[in-house]
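Residue numbers (the numbering used here), protein chains in the order written: chain A, 124 to 573; chain B, 5 to 179.
It cannot be assumed that every hint is accurate.
As the list claims (entries may be wrong) - Within a straight-line C-alpha distance of at most 30 angstroms, the following computed DSS-like cross-link-like pairs (lysine-lysine) qualify:
| hint | chain 1 | residue 1 | chain 2 | residue 2 |
| --- | --- | --- | --- | --- |
| 1 | B | Lys172 | A | Lys307 |
| 2 | B | Lys111 | A | Lys497 |
| 3 | B | Lys23 | A | Lys372 |
| 4 | A | Lys147 | A | Lys158 |
| 5 | B | Lys23 | B | Lys90 |
| 6 | B | Lys111 | B | Lys166 |
| 7 | B | Lys172 | B | Lys111 |
| 8 | A | Lys158 | A | Lys170 |
| 9 | A | Lys372 | A | Lys423 |
| 10 | B | Lys166 | A | Lys497 |
| 11 | B | Lys172 | A | Lys272 |
| 12 | A | Lys155 | A | Lys127 |
| 13 | A | Lys307 | B | Lys166 |
| 14 | A | Lys147 | A | Lys193 |
| 15 | B | Lys111 | A | Lys307 |
| 16 | A | Lys272 | B | Lys23 |
| 17 | A | Lys307 | A | Lys401 |
| 18 | A | Lys493 | B | Lys111 |
| 19 | A | Lys272 | A | Lys423 |
| 20 | A | Lys147 | A | Lys352 |
| 21 | A | Lys193 | A | Lys171 |
| 22 | A | Lys272 | A | Lys158 |
| 23 | A | Lys158 | A | Lys352 |
| 24 | A | Lys517 | A | Lys497 |
| 25 | A | Lys171 | A | Lys155 |
| 26 | B | Lys23 | A | Lys307 |
| 27 | A | Lys314 | A | Lys171 |
| 28 | A | Lys401 | B | Lys23 |
| 29 | A | Lys193 | B | Lys37 |
| 30 | A | Lys493 | B | Lys166 |
| 31 | A | Lys372 | A | Lys170 |
| 32 | A | Lys314 | B | Lys37 |
| 33 | A | Lys147 | A | Lys127 |
| 34 | A | Lys193 | A | Lys170 |
| 35 | B | Lys9 | B | Lys23 |
| 36 | B | Lys111 | A | Lys372 |
| 37 | A | Lys307 | A | Lys193 |
| 38 | A | Lys127 | A | Lys193 |
| 39 | A | Lys516 | A | Lys497 |
In case anyone wonders, no lab produced these hints; they're calculated from the structure.
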Amino acid sequence: MARKLLLTHIGVPGINTFDVYRQKGGYRAVEKALKTLTPDDVVEEVKKSGLRGRGGAGFPTGMKWSFLAKPEGIPRYLVCNADESEPGTFKDRYLMTHIPHALIEGMIISSYALGANTSYIYVRGEMMPQVRILERAIAEARQAGFLGKNILGTGYDLELFVQPGGGAYICGEETALLESLEGKRGNPRIKPPFPAVSGLYNCPTVVNNVESIAATVPIINEGGEEYAKIGVGRSTGTKLISASGNLNKPGVYEIELGLPVEEFIYSDEYCGGIANGKRLKAVVAGGSSVPILPANLILKTVNGEARLMSYESLSDGGFQSGTMLGSGGFIAFDEDQCIVRNTWNFTRFYHHESCGQCSPCREGTGWMEKVLHKIEHGHGSFSDIDLLVDVSKKIEGNTICPLGDAAAWPVASAIRHFRDEFEWHVTNGQEAQTRNYGLAHYADPLEPVA
Amino acid sequence: MLSVKDNEPVEFTDAMLDKFAEIVARYPEGRQKSALLPILHEVQAAYGWLSVPAMDRVAAYLNIQPIEVYEVATFYTMFFLRPQGKYTLEVCRTGPCCLVGAERIMKHIESRLGIKEGEVTADGLFSWRGVECLAACGYGPVLQIGPSYTFYENLTEESVDKLIDELKQQASVNG
Numbered sequence: 124m125a126r127k128l129l130l131t132h133i134g135v136p137g138i139n140t141f142d143v144y145r146q147k148g149g150y151r152a153v154e155k156a157l158k159t160l161t162p163d164d165v166v167e168e169v170k171k172s173g174l175r176g177r178g179g180a181g182f183p184t185g186m187k188w189s190f191l192a193k194p195e196g197i198p199r200y201l202v203c204n205a206d207e208s209e210p211g212t213f214k215d216r217y218l219m220t221h222i223p224h225a226l227i228e229g230m231i232i233s234s235y236a237l238g239a240n241t242s243y244i245y246v247r248g249e250m251m252p253q254v255r256i257l258e259r260a261i262a263e264a265r266q267a268g269f270l271g272k273n274i275l276g277t278g279y280d281l282e283l284f285v286q287p288g289g290g291a292y293i294c295g296e297e298t299a300l301l302e303s304l305e306g307k308r309g310n311p312r313i314k315p316p317f318p319a320v321s322g323l324y325n326c327p328t329v330v331n332n333v334e335s336i337a338a339t340v341p342i343i344n345e346g347g348e349e350y351a352k353i354g355v356g357r358s359t360g361t362k363l364i365s366a367s368g369n370l371n372k373p374g375v376y377e378i379e380l381g382l383p384v385e386e387f388i389y390s391d392e393y394c395g396g397i398a399n400g401k402r403l404k405a406v407v408a409g410g411s412s413v414p415i416l417p418a419n420l421i422l423k424t425v426n427g428e429a430r431l432m433s434y435e436s437l438s439d440g441g442f443q444s445g446t447m448l449g450s451g452g453f454i455a456f457d458e459d460q461c462i463v464r465n466t467w468n469f470t471r472f473y474h475h476e477s478c479g480q481c482s483p484c485r486e487g488t489g490w491m492e493k494v495l496h497k498i499e500h501g502h503g504s505f506s507d508i509d510l511l512v513d514v515s516k517k518i519e520g521n522t523i524c525p526l527g528d529a530a531a532w533p534v535a536s537a538i539r540h541f542r543d544e545f546e547w548h549v550t551n552g553q554e555a556q557t558r559n560y561g562l563a564h565y566a567d568p569l570e571p572v573a
Numbered sequence: 005m006l007s008v009k010d011n012e013p014v015e016f017t018d019a020m021l022d023k024f025a026e027i028v029a030r031y032p033e034g035r036q037k038s039a040l041l042p043i044l045h046e047v048q049a050a051y052g053w054l055s056v057p058a059m060d061r062v063a064a065y066l067n068i069q070p071i072e073v074y075e076v077a078t079f080y081t082m083f084f085l086r087p088q089g090k091y092t093l094e095v096c097r098t099g100p101c102c103l104v105g106a107e108r109i110m111k112h113i114e115s116r117l118g119i120k121e122g123e124v125t126a127d128g129l130f131s132w133r134g135v136e137c138l139a140a141c142g143y144g145p146v147l148q149i150g151p152s153y154t155f156y157e158n159l160t161e162e163s164v165d166k167l168i169d170e171l172k173q174q175a176s177v178n179g
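So here's chain A without its partners, still in its complex pose (with noise of 0.2 angstroms):
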């Protein structure tokens, strides 16, 4: 069996209330920080872990701590990301569903380590359930000393509170959140200054995802040293994946970094395999927008090695032929899937969410999604393609944040690994209404299940 780090108990009843989760050894990393580290220790810790962003960009969670201002007078924010909505992406639902006082406990741990006095949980709107139990959780550990007043005794202060949003994908990018936080639009912040220097309320803030939080509880209990040794060079610890799509068993699961794909994609332990005996034809590995690579090149890297479920292994061949682990977002699709109709779904998800403060983006996601839908609705020529193509460059790099890659990756790499898809569309666009293409040559190297 793999080691959990944060799914340790998950199975255990009643591991959702503050008194089971106590029992099972939790809160015993808030003590061990409150009265025997430092704050500037528990940076050190987080650092020498190798812990890097869950949310998607993987950014060292320790070297972004160590950014954090600290001017004289001046209060200090953590801000968690709980606004959930990359395509793929439920890892943060399950865990504050199942265990809320994991992320409470980072959360105590991180903005004792920050000097942040007042936090906030930033939860996407539709998780309402969510909110009400990390209140509920919070209301526990308050009674139970651990939030407050002079927590345990040591002096330091806490409050902690949960901010539903409104249902707007952008408000995951950490400045969009900051604006909504503060009861705006959800239009991200031109950067510099970063957060850390000027974030919530114009003070030094820092934004972590759920997952991040939540892992600063182990890495307290045991050691930055001791995480590190778990997983593979620079991808240190463990991961939630969020797995599904066409999978025998679609759910979160918690990996060591460095698992391999075939394993994680096929082994009962993991999803045991495609659904209904069919054959795996493409994988977005993490989140909607992350390139999608076909069969061959999600276990294989071009070179033959086996993909690993880490940062390095999934973006080996850079965009030419590798991708991201990004939010650990495990899409599969099957042999029946169509990639064209997929690539325009995810646009029309892009465009809805652009905020519409870039042209290149609010224009560009627009145009996309019309071309997809035409293409799709076998209307479509050979130069709209090269069009997608054209659009998706255009909008690459040019926008305030990241939102506008995340749109134009999805169409790019689906043309750079489909194109034939693509072209059966435009040459057999009657049929292409009636049934799909199917595997074509990038077949996974499996024999197929009888």
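Guided by the hints, dock chain B onto chain A, whose structure is given.
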């Protein structure tokens, strides 16, 4: 649910005002605008949608301009700017859910309720719409119903029929 028509003036109940005050206390002095989204959720939960007079009252309560409320209410897709059915079925229409049949479920809801996306049934009970990824991709197809945002997972045509029947019954019992 309290009923409110288009241009009807709105007075918030004492219970709502207590809740608003509790929300405003979460933020530093002078940052009460941060309470806007949580308060709009409370207002929508009470009335089912956000009328202009309701938004104006929120603006007055938070001591901000009405436009600051409108621009937020129109930006975030969870807020309804028109009356909806008593139950609004919001079906995830994004990629992963479509891989496991979300489009079929939406077609089924459309024909079962006899209304197009965004419309309200004649009895005022139901409306439905497709929404973007609800972060439940492993349990698709999924739908949610506000204001509690209860989740229904692994939908089939049969489970949708059953849900609609149950909601109808619930409505007839509660009046």
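For this session: Mind listing which of the numbered hints don't hold for this structure, in increasing order?
Result: Violated hints: 1, 3, 10, 11, 13, 14, 15, 17, 19, 28, 30, 31, 38; rest satisfied.
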